[in-house]
Every structure is written in C-alpha cells, then in structure tokens.
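Asker: Single-letter residue listing:
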Amino acid sequence: MTDVPRAAAREPAPTTPAEDLAEALEAAFGPAPDVTSLHPRPGPPPADPAPAASRPRAGGGPRGSADPVRGLMHRHRGLCERAVDPLEVAAGLEARGVTDRTARRCRHRDVFTLAEEMYVRTRRPGAGPPPAPGGARRRAPLAPVAHLLPLAGGLLVLLATGLRGAAQPAVTGAGVAAVVLALVLGLQRGPLRVGAGLPPGAGLAVGWLLAYAAYGDWVLGELLGGATGVTGAPVVPRAAAAALAGLTAAVLPAAVIARWFAARARAGLRDSRDLAEFRARARPLLAAAVTAVLAVLGALQLAAAAAGPAVGRLADAPPRPAVPDAPVHASGVPATVAAACALGALLFLARLLAVHGFPRAAAYGLAAACAAQVTALLLVLAARAPGLAVLGRPVELLVAGSAGFDLAAVPAVACGAAALALLAYAGGALTRASAHRKEQNDMTAPPLATPSSPAGGPR
Amino acid sequence: MFSLRIGLLAEGGFPFAADESPGWCDRLVRGLAHHEFDVFAFAVDAAQETAGLVPLPPQVRTVHVAPLWRPAPGEGRYGRADRRRFAEHFTELATALAVPDGAETDGRTSGQDRFAYGLYGLAELAGDAGGPGRALRSEPAVRILERACRAPGAHPAVRGARVAELLAAAAQLDRALRPLAAGWYEAPGGGPAGGGLAGVDLCHALSGGPAALPGLLARRFFGTPLLVTEYGVRVRRHYLESAASAASAASAAGTASTAGTASTAGTASTARTASGAAARAGGSLAVRALTAACHRRLAAEAYDKAALVTPGNAHARRWALRLGASRARLRTVYPGMDGERFARVEEPAGEEDMTLVWVGRTEPAADLVALLHAFAEVHRQEPAAHLVVAETGPPPAAHAGYRDHCRALAAQLFPDEAADAHAVGASPVSFEEIGDPAVPDTAAAYATGGVAVLSSAVAGFPVGLVEAMFCARATVSTDVGAVREVIGGTGLVVPPRNPRALADACLALLRDPARRARLGAAARARAGELFTVEQNVRAFREIYLELVSRSPLAGPADGGPRPFARPAEAHLPGRWVAAGACPVSERAGR
Numbered sequence: 069m070t071d072v073p074r075a076a077a078r079e080p081a082p083t084t085p086a087e088d089l090a091e092a093l094e095a096a097f098g099p100a101p102d103v104t105s106l107h108p109r110p111g112p113p114p115a116d117p118a119p120a121a122s123r124p125r126a127g128g129g130p131r132g133s134a135d136p137v138r139g140l141m142h143r144h145r146g147l148c149e150r151a152v153d154p155l156e157v158a159a160g161l162e163a164r165g166v167t168d169r170t171a172r173r174c175r176h177r178d179v180f181t182l183a184e185e186m187y188v189r190t191r192r193p194g195a196g197p198p199p200a201p202g203g204a205r206r207r208a209p210l211a212p213v214a215h216l217l218p219l220a221g222g223l224l225v226l227l228a229t230g231l232r233g234a235a236q237p238a239v240t241g242a243g244v245a246a247v248v249l250a251l252v253l254g255l256q257r258g259p260l261r262v263g264a265g266l267p268p269g270a271g272l273a274v275g276w277l278l279a280y281a282a283y284g285d286w287v288l289g290e291l292l293g294g295a296t297g298v299t300g301a302p303v304v305p306r307a308a309a310a311a312l313a314g315l316t317a318a319v320l321p322a323a324v325i326a327r328w329f330a331a332r333a334r335a336g337l338r339d340s341r342d343l344a345e346f347r348a349r350a351r352p353l354l355a356a357a358v359t360a361v362l363a364v365l366g367a368l369q370l371a372a373a374a375a376g377p378a379v380g381r382l383a384d385a386p387p388r389p390a391v392p393d394a395p396v397h398a399s400g401v402p403a404t405v406a407a408a409c410a411l412g413a414l415l416f417l418a419r420l421l422a423v424h425g426f427p428r429a430a431a432y433g434l435a436a437a438c439a440a441q442v443t444a445l446l447l448v449l450a451a452r453a454p455g456l457a458v459l460g461r462p463v464e465l466l467v468a469g470s471a472g473f474d475l476a477a478v479p480a481v482a483c484g485a486a487a488l489a490l491l492a493y494a495g496g497a498l499t500r501a502s503a504h505r506k507e508q509n510d511m512t513a514p515p516l517a518t519p520s521s522p523a524g525g526p527r
Numbered sequence: 002m003f004s005l006r007i008g009l010l011a012e013g014g015f016p017f018a019a020d021e022s023p024g025w026c027d028r029l030v031r032g033l034a035h036h037e038f039d040v041f042a043f044a045v046d047a048a049q050e051t052a053g054l055v056p057l058p059p060q061v062r063t064v065h066v067a068p069l070w071r072p073a074p075g076e077g078r079y080g081r082a083d084r085r086r087f088a089e090h091f092t093e094l095a096t097a098l099a100v101p102d103g104a105e106t107d108g109r110t111s112g113q114d115r116f117a118y119g120l121y122g123l124a125e126l127a128g129d130a131g132g133p134g135r136a137l138r139s140e141p142a143v144r145i146l147e148r149a150c151r152a153p154g155a156h157p158a159v160r161g162a163r164v165a166e167l168l169a170a171a172a173q174l175d176r177a178l179r180p181l182a183a184g185w186y187e188a189p190g191g192g193p194a195g196g197g198l199a200g201v202d203l204c205h206a207l208s209g210g211p212a213a214l215p216g217l218l219a220r221r222f223f224g225t226p227l228l229v230t231e232y233g234v235r236v237r238r239h240y241l242e243s244a245a246s247a248a249s250a251a252s253a254a255g256t257a258s259t260a261g262t263a264s265t266a267g268t269a270s271t272a273r274t275a276s277g278a279a280a281r282a283g284g285s286l287a288v289r290a291l292t293a294a295c296h297r298r299l300a301a302e303a304y305d306k307a308a309l310v311t312p313g314n315a316h317a318r319r320w321a322l323r324l325g326a327s328r329a330r331l332r333t334v335y336p337g338m339d340g341e342r343f344a345r346v347e348e349p350a351g352e353e354d355m356t357l358v359w360v361g362r363t364e365p366a367a368d369l370v371a372l373l374h375a376f377a378e379v380h381r382q383e384p385a386a387h388l389v390v391a392e393t394g395p396p397p398a399a400h401a402g403y404r405d406h407c408r409a410l411a412a413q414l415f416p417d418e419a420a421d422a423h424a425v426g427a428s429p430v431s432f433e434e435i436g437d438p439a440v441p442d443t444a445a446a447y448a449t450g451g452v453a454v455l456s457s458a459v460a461g462f463p464v465g466l467v468e469a470m471f472c473a474r475a476t477v478s479t480d481v482g483a484v485r486e487v488i489g490g491t492g493l494v495v496p497p498r499n500p501r502a503l504a505d506a507c508l509a510l511l512r513d514p515a516r517r518a519r520l521g522a523a524a525r526a527r528a529g530e531l532f533t534v535e536q537n538v539r540a541f542r543e544i545y546l547e548l549v550s551r552s553p554l555a556g557p558a559d560g561g562p563r564p565f566a567r568p569a570e571a572h573l574p575g576r577w578v579a580a581g582a583c584p585v586s587e588r589a590g591r
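Protein chains in written order, with our numbering: chain A, 69 to 527; chain B, 2 to 591.
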C-alpha cells in the first residue's frame with residue numbers, strides 16, 4: 069500500500085504562461101521528459117531494487133505496516149505529548165518535514181487530519197505533575213550591608229544624646245536624615261525593593277515619623293507644659309534615641325522575614341490547586357511574618373532600652389559627668405518600646421504592601437499615622453487659645469491617663485492604629501494570588517515571543 | 002488615479018529599523034506612491050522601540066507605535082461599573098478560551114461567538130475607560146479564569162491548572178490583549194481627521210494575529226474594510242514557538258534534576274535551574290493551551306471578518322482554510338522579490354559546465370548533509386562535477402556547530418584532487434561566503450554554477466529557489482513547503498531526505514545541457530511573471546480598489562468628489578432586478 073508510485077501522487081500545478089512556454093520549449097527542442105519525477109515509471113523494472121527496499125518508509129512504520137500512523141507517532145511522540153491541540157501537532161509535523169505526501173501515505177487527506185489523528189491517539193498524562201520544588205528556587209538576593217546602613221544613622225542619634233549644646237541637635241538631625249537616606253538608597257536592592265508606583269510623599273512621611281520618634285516627645289512636652297517659647301535646646305531623651313537605634317537595627321531581620329514570606333508564598337502558588345487554597349495557605353504565612361517582626365522589634369527594643377543609656381553615656385562630654393538622664397518630660401520605658409514597636413510594624417507592613425504591588429495603600433497608611441501625630445500637636449497648640457481648652461483634653465487624657473503611658477502614648481496610638489489598619493488591609497490584599505505576581509513575573513516570565521521578520525515572509 | 006488612505010497594521014518588523022531589512026512592505030509602500038499610508042505598528046521588544054524607524058517615503062503620513070512588550074501607559078483604574086463590564090466580557094472570553102475548539106459551550110453559542118463577544122466588549126471598555134491591562138492583572142481576572150477552567154466542558158489540559166499557571170496565563174492574556182489599549186480607536190469626531198484608525202479608508206494587516214486586531218476593531222467601530230496578508234502564518238509561528246518553549250522546559254527540567262542530583266552547587270547550576278524554573282511556568286501545558294486558544298480564536302476571527310485574505314502561498318492558504326477562512330475571500334498573492342538584481346546574470350553558457358551551486362544558510366533544516374551525500378554519488382559518476390556551497394550569512398547561533406560538521410563531512414567525503422602529479426589539488430566541494438570578493442552577492446553565487454540545488458528538509462516560501470529562477474538556473478529542489486507551487490514545471494523536484502533521488506536529478510541535468518537551458522529559461526520567465534515586485538504591487542493596487550469600491554468611503558466630505566461614495570448600482574433607475582426575472586430567488590422564497 070505504501071508503494072504507490074510517487075508520480076501518481078502529484079497534483080498538476082496550475083498552468084501559467086511560463087509553463088506553457090516550458091512546454092513549448094520542450095516540444096520544440098525535444099521529447100519532454102517527466103520533469104517532476106525522476107523515478108522510474110511503473111513500466112520498466114527498477115534498476116536497483118535493493119537500496120530502495122532497504123530505505124526506510126516515509127510513513128515511519130515497517131514495510132507493509134497496517135498502521136503507518138503508529139510509527140509517525142512514535143517518532144514524534146514528544147511533539148504529540150506536549151501539544152495543546154491538533155494544530156500544534158500539525159505545525160510541528162510541518163516543521164519536521166512531514167508533508168501532505170506523507171499524510172496521504174497514512175491515508176489522510178492532508179497534514180491537518182493526520183495531526184488530528186495523532187493528537188487524539190496520543191496518550192498523555194492528565195494533569196501535569198506539580199513542578200519539582202526544591203533546589204530550583206531562586207531566592208531574592210539579600211543585601212546585608214545595605215540593610216545595615218540605617219543602623220549607622222540610628223547609632224549616630226544615640227551618640228548625639230551624649231553631646232551638649234548646638235552639636236546635639238545638629239548630629240541628631242544628621243542621624244535622622246542618614247536613616248531616611250539609608251532606607252531610601254539601601255532598600256533599592258534586596259527583598260524590600262519596591263518597583264514603580266510608590267508615591268513620592270511616602271518618603272516624606274517616613275521622614276516625619278522618624279523625626280517625631282526623635283523629637284516628638286520633646287515638642288509635645290513643651291507644648292503641654294505651657295511653654296510660651298523655646299525654653300531650652302531640643303532634647304532627645306536617651307530612651308527615644310535608643311528606641312530609634314533599635315528600630316534601625318530591625319531593618320535587616322525585617323528584610324529576611326519579607327524574603328521568607330515571599331518565598332513561601334511563591335511556593336504556595338506552585339502547590340495550590342485553586343485560589344481558595346492559596347488564600348488558606350497565605351493567611352498563616354502573613355500572620356507568622358507579622359508576629360515574627362513584632363517579636364524581633366520587641367526583643368531589639370528591650371535590648372536597646374537596656375543597653376542604650378550605656379552606649380549614649382560613652383559620648384558624654386567630660387565637663388558634665390553626671391547629667392541626670394531624665395529631662396523635664398520623660399517617657400517611661402514601656403511607652404517608648406510600645407511606640408517604637410508600633411512604628412516598626414507600621415513601616416514593615418507599609419513596605420511589604422508596597423513590595424507586593426499596593427504602594428498606594430502603603431502610602432495612605434503612613435500618611436494617616438503622620439496626620440494623627442500632626443493633629444495631636446495642633447490640638448494641643450489650639451487648646452492654648454482662650455475657650456478652646458477642651459480641644460487639648462483628648463491628648464492630655466491620653467498622655468496622663470494611664471500609669472506608665474505618657475508622652476510616647478501619642479505616637480504609640482497613632483502608629484499602632486495605622487499599623488492595625490494596614491494589617492487588616494494586608495490580610496485581604498497579601499493573601500491574594502495576584503499580589504505575588506510581581507516576583508512571579510520577575511522569576512518566571514516566559515520568554516516573550518519576538519517575531520523574527522515582519523510577516524515571517526520573504527522580502 | 003485617486004488617493005486612498007491605507008492603514009498598514011504591523012507587528013514588529015516593517016517600520017522598525019531594528020529589523021535587518023525593510024522587506025516587501027517597504028517595496029509595497031514605495032510602489033503605491035499615489036496612496037497615503039498611515040502605519041500602525043506594534044513594537045514587540047525594547048530594541049525595536051529604541052532603534053527607531055527605517056527611512057520612510059513621503060506617502061507615509063504618520064507612524065503610530067504602540068508597545069506590546071510592556072504595559073501601555075494609559076491603563077486606568079476601573080470604577081465599579083467598568084469593573085462589572087470587564088468581568089462580564091472577560092468571563093465570555095475566558096470561557097471561549099477554555100473550551101476545546103468546536104465544542105458548544107452552552108448549547109447555543111459557539112466558542113468563537115463568545116470569544117468575539119468578549120473581545121469586542123473589552124475593546125469598547127478600553128475605548129471608554131482605558132485599557133484592561135490593570136484589570137487583567139488583578140485578582141478578579143484570575144478568579145474568572147479559574148472558574149472558566151473548572152467549568153464543565155473545559156479542555157482537559159486546562160482543567161487542572163494550578164494557581165501559578167492561572168497567573169501566568171492571565172499575564173499572557175494581558176500581553177495578547179494589549180492591542181486593545183493602543184488608543185487608535187477614537188471616534189471620527191473625536192479629533193482632527195487622521196488621528197487614528199477612524200480616518201483610514203482601508204486597513205491592511207501585514208500579518209494575521211495581533212496585527213490584525215486593530216483592523217478588526219476598526220471594522221467594528223467604523224466599518225473599515227480589512228485586508229489580511231498572511232505570508233508567514235502567524236498562528237503557526239506561535240504554535241512553533243510555544244512547542245519550542247515546552248521542549249526547552251522539558252529539557253531544562255531534566256538538566257535541573259541532574260544538576261540537583263550531582264550536587265554541583267555553583268553559579269552555573271543556579272543560573273541553569275533559574276532558567277529551568279522560568280521555562281516551567283511559561284511552558285506549562287495549561288498556560289500554553291490558553292494562550293494558543295487565544296491566538297487561534299483571534300486568527301479565526303480575523304479570517305472570518307476580513308474582507309479579503311491574501312496568503313502568500315498555498316501553504317499559508319491551507320492554514321487559513323483550516324482556520325475557517327471562506328474560499329471566496331481567499332486570494333493568493335505571491336510575495337514580490339527584487340528581480341532586477343538578477344537580470345544581469347546571463348544564462349548558463351558553458352555546455353560543459355558541471356558545477357552545482359547551493360545557496361543558503363547552513364542549518365540543520367537546510368539538510369546540507371543530504372546534499373553532500375548526493376554529491377558524493379554525483380561525483381562518483383561524473384568526476385568532473387563541482388559543488389559550490391555559498392553561505393548567505395553566518396549560521397544561527399543555535400546551530401553554530403552544524404557548519405563545522407558539514408565542512409568536516411565534505412573534507413572526509415571529497416579528498417583534494419589534482420589533474421596530474423604536478424598540479425596543485427583542490428576539493429570538488431568549495432565553501433564560499435557571500436560577501437567575499439569572489440562572490441560579492443547572491444547573483445554572483447548563482448552565476449558560478451549551471452544547476453542550483455535546494456536540499457532543505459523544511460521550508461516555508463523558498464526565497465533561494467525564486468532567486469535561482471530569476472538567474473535562469475535549472476533547479477533541483479526537495480518537495481517541501483511551497484517549492485512545488487513555486488517551481489511549477491520549470492525544475493526538478495525530488496522527495497526530501499532522499500540523497501539518491503537528489504543525485505539522480507542532478508546527474509540528469511548535468512548530463513543534458515540543452516534541457517538545463519530550456520528549464521532555466523522557463524524558470525526565469527515564470528519568476529519574472531509571478532514573483533516580481535511589480536506583480537505584487539499591482540495585485541495589491543487592484544485589491545485596494547476592489548475592497549474600497551465595495552464599501553463607501555468614510556471620512557468627512559470636504560466638498561470634493563468622493564469615489565465609491567455610492568455603489569455603482571445605486572444609479573440604476575427603478576428596481577435593480579425585475580420581479581420574476583430571478584427564478585432562483587423566487588424558488589427560494591417559496
């Protein structure tokens with residue numbers, strides 16, 4: 069059945085004037101041989117039958133096979149198994165030189181119907197097995213040095229508490245600026261890197277929050293104390309400076325936790341069968357990440373509260389060896405620790421949201437905390453106006469209300485509330501599968517199809 | 002000769018300087034200088050966008066470029082009503098993509114109808130509220146896609162799609178639908194005439210697929226007729242690329258696992274595993290099935306709605322037919338090639354010219370090995386025969402070793418020969434590179450031999466064969482791609498991968514100079530008639546007029562006469578067809 073003479077399978081090409089010319093030339097110059105077939109016609113016996121018989125059949129099967137398609141399927145089994153539809157098989161077959169002639173040998177009209185049969189007959193595994201997890205995971209590079217840069221600024225603020233005179237506010241300001249700069253520059257790399265879309269105001273908000281952490285208590289204390297002017301040089305309490313330094317030390321652990329969260333979420337993407345399952349996996353991950361950050365912050369703050377005064381005393385100026393470590397309005401240690409923890413959690417959540425594609429929500433959260441702090445200060449200021457004393461009551465109650473909570477209660481409440489709001493938002497946003505698309509795309513974007521020529525055609 | 006405004010729709014390639022040569026589109030534009038052209042081009046990668054455009058003739062009025070490789074800048078955030086519209090239309094689209102071809106989704110509407118409904122719905126939404134890119138990357142889109150994949154009747158390949166695959170598929174659809182956000186579809190009143198596709202009389206898509214999508218939208222919004230030219234079949238190329246990515250994913254997974262077992266930790270292995278991971282998500286079956294369905298449905302929609310489809314050869318024509326193009330609206334237009342370059346090559350003179358010439362790139366698809374084996378047979382029977390292998394360019398990077406392999410094989414098969422004991426020997430097979438002083442161009446390469454051989458195992462449109470025909474060379478070629486259609490009866494055709502048949506054919510021509518001359522002359526005549534730039538330009542000129550004559554010209558009436566503003570039949574007084582004069586319709590009415 070496979071020994072149909074090749075000449076018989078040919079279709080006559082449409083005649084054109086050029087072919088007419090060819091025919092005329094052939095007629096004029098000699099007998100016209102069969103120009104499209106060089107093989108012996110059926111009449112004369114083949115001159116050399118042995119090589120012809122030993123040649124493999126184009127159909128793929130052994131000579132005389134009743135199922136030539138099976139041989140083709142075997143030869144192109146990879147193509148058939150990976151194909152998503154019969155057209156892909158057809159395209160692949162054509163690219164491998166299978167023509168309609170081969171299809172006709174398999175008793176098909178053309179390559180398309182042959183491909184259909186091959187596609188239908190191929191046994192392929194139902195759902196693909198989950199991609200092999202394990203070592204094939206690329207982790208976002210961690211940049212430890214870049215993440216330790218803010219700590220330098222924090223230590224600068226802490227050392228500045230030992231200075232006296234005009235140098236102290238200058239060094240403190242330089243320290244806060246260094247922290248903000250290090251955060252902006254240092255987080256260009258690593259797991260806390262944010263792509264486009266972060267509003268520029270977010271950096272300002274972070275700067276304000278850090279500045280308030282340093283000077284907020286002093287300003288509030290001055291305002292509450294009824295000072296009519298600047299009574300003294302601005303003072304950063306040692307506890308606040310130590311808390312700030314503890315915060316800056318938490319950047320590196322926060323980056324590690326963010327990377328862990330992203331990696332586990334990606335693994336969840338791979339392993340989850342549907343979106344609900346992914347959400348169920350991602351929720352505890354987020355809770356664990358936030359808990360870990362709070363634990364780290366708490367530990368660092370307690371350590372800073374213990375060690376901070378000692379570090380600050382290193383820089384004490386010799387002429388005034390025994391300065392009492394308590395300015396007029398001091399904050400208790402628990403309040404300061406709580407405020408620093410709230411601020412740290414707020415900054416971490418904002419950054420995490422921004423990293424995963426919600427920069428606007430992050431900016432809103434930071435701005436809300438700033439607004440709350442500014443409002444508190446303005447309320448206290450406004451309360452000085454005659455008859456408006458009632459405006460200052462909430463802040464006064466907050467500061468003086470509970471034992472142990474004093475001036476630092478304002479940032480603690482402001483940042484804590486904002487952090488809680490962001491946490492609630494993140495609980496919905498960061499457990500979505502699409503929130504993890506960005507890294508997903510960075511990591512596993514398929515090569516984009518690039519046409520090699522305008523229409524793939526000749527020029 | 003009146004002037005039309007043609008909207009040329011391109012995807013990569015033609016107007017971009019990053020591509021190596023301007024191609025047939027450039028010759029078409031230059032050949033139809035009396036028309037005006039607006040070029041609407043999609044840049045498919047960053048290089049095209051940065052490298053600028055080729056120098057364009059003055060009849061090209063405007064060039065609009067939109068990127069496909071990155072999100073368009075104008076993507077807006079949808080309000081509540083727009084989100085609802087998006088969900089409705091994307092659900093239709095996703096359902097159409099998830100069901101296998103030919104299956105009825107809910108008993109009434111076919112998948113193709115749902116695809117069209119969803120596509121045009123999203124296009125209208127994009128016109129009202131900005132491109133759907135942001136919405137496509139959002140969670141609701143993934144959820145819709147998940148629901149479509151889990152629905153009864155979904156394709157088995159997508160039924161078990163995991164979350165990562167759904168995300169990757171949504172990203173691919175985002176890319177595939179970026180033409181919707183191109184911003185060329187403002188209504189005619191929206192701005193000065195000629196702002197976008199609204200002012201165009203005719204859309205000419207230079208390839209199917211994404212390039213035809215703006216034409217489809219212009220047809221829907223403004224009634225502009227659409228002409229689709231399909232030289233390389235776009236959907237077929239997508240299938241090949243998709244299969245290649247799957248194959249590389251499979252091999253990468255293999256290397257990753259072996260690298261893991263061998264515990265060769267290091268930067269090289271991490272890079273390899275990273276690329277393996279990258280290939281896995283892109284090459285997953287479900288993602289490829291959804292993306293391929295999108296391309297297939299888009300191609301089918303373009304073939305269905307186009308006023309005319311002009312495939313470049315019978316092969317492209319078969320694909321168009323397969324994807325549902327109607328025979329009545331298919332017209333093969335052969336690509337035009339610059340025949341002037343080859344006109345100065347005189348017909349083979351020497352009666353005793355025993356040289357075979359092969360011109361092309363050394364890559365496995367060209368099957369040079371078969372040619373060398375065939376020539377071994379030729380050389381055994383005709384010791385005077387020579388073979389010139391002229392390479393048109395460096396081999397593709399993927400097949401760099403193939404050229405060395407071929408040269409080694411040639412050296413092994415054909416030791417140097419000399420006429421006598423005192424002459425310096427030479428191999429009967431010589432390798433040349435086009436651009437060398439000996440063979441400055443392709444024409445010179447063909448001039449070196451009497452018979453041109455094309456041995457490739459795979460070919461689309463055989464450009465080299467047409468060049469040989471222009472050079473009046475008798476040809477022996479393998480029966481692949483469009484070879485038989487191109488050569489007609491003016492050369493010999495043998496089966497692919499059959500060195501013996503190739504050798505027989507070469508010998509037959511080498512031994513018969515008269516026949517060689519006859520075939521060469523006929524080939525030159527055929528090429529000069531069918532494959533010149535002039536015929537290509539003429540064909541498109543007539544097609545443009547024909548299409549525009551069937552649809553009233555759009556655009557503002559500026560007082561001047563507007564050709565084809567009314568169909569010619571409208572001027573016939575009274576009824577066009579007398580009652581009762583049309584028995585066929587009468588019978589049908591009964």
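Since the hints were derived computationally from the structure, they do not count as laboratory data.
Be aware that a few hints might be false.
What the hints assert, rightly or not - Beyond 10 angstroms from chain A on every Cβ pair, some chain B residues (computed): (1) Asp-114; (2) Leu-410; (3) Thr-449.
Unchecked claim - If you want the footprint, here are the derived chain B segments under chain A, 3+ residues with CB under 8 angstroms: (4) 123-133; (5) 174-180; (6) 233-247; (7) 489-498.
Keep in mind that this is a model prediction, so the values were computed, not measured.
From the three backbone atoms N, C-alpha and C, an ideal C-beta is built for every residue, glycine too.
Asker: So B/Leu-410 supposedly isn't at the interface. Is its beta-carbon more than 10 angstroms from every beta-carbon in chain A?
Answerer: holds (20 angstroms)
Asker: With d taken as the least Cβ-Cβ distance between B/Thr-449 and chain A, does d exceed 10 angstroms?
Answerer: holds (23 angstroms)
Asker: Does B/Asp-114 really sit off the interface, with its C-beta more than 10 angstroms from all C-beta atoms of chain A?
Answerer: holds (19 angstroms)
Asker: Verify the coverage statement for the region 233-247 of chain B against chain A, using a C-beta to C-beta distance below 8 angstroms and requiring 3 or more qualifying residues.
Answerer: With 14 residues in contact (Cβ-Cβ under 8 angstroms with chain A), the coverage given for the region 233-247 of chain B holds.
Asker: With a Cβ-Cβ cutoff of 8 angstroms, does the region 123-133 of chain B contain at least three residues near chain A?
Answerer: violated (count 0)
Asker: Against chain A, does the region 174-180 of chain B show at least 3 residues with beta-carbon separation below 8 angstroms?
Answerer: violated (count 1)
Asker: For the region 489-498 of chain B, does the count of residues with a C-beta closer than 8 angstroms to a C-beta of chain A reach 3?
Answerer: holds (count 10)
In summary, the numbered hints that this structure violates are 4 and 5.
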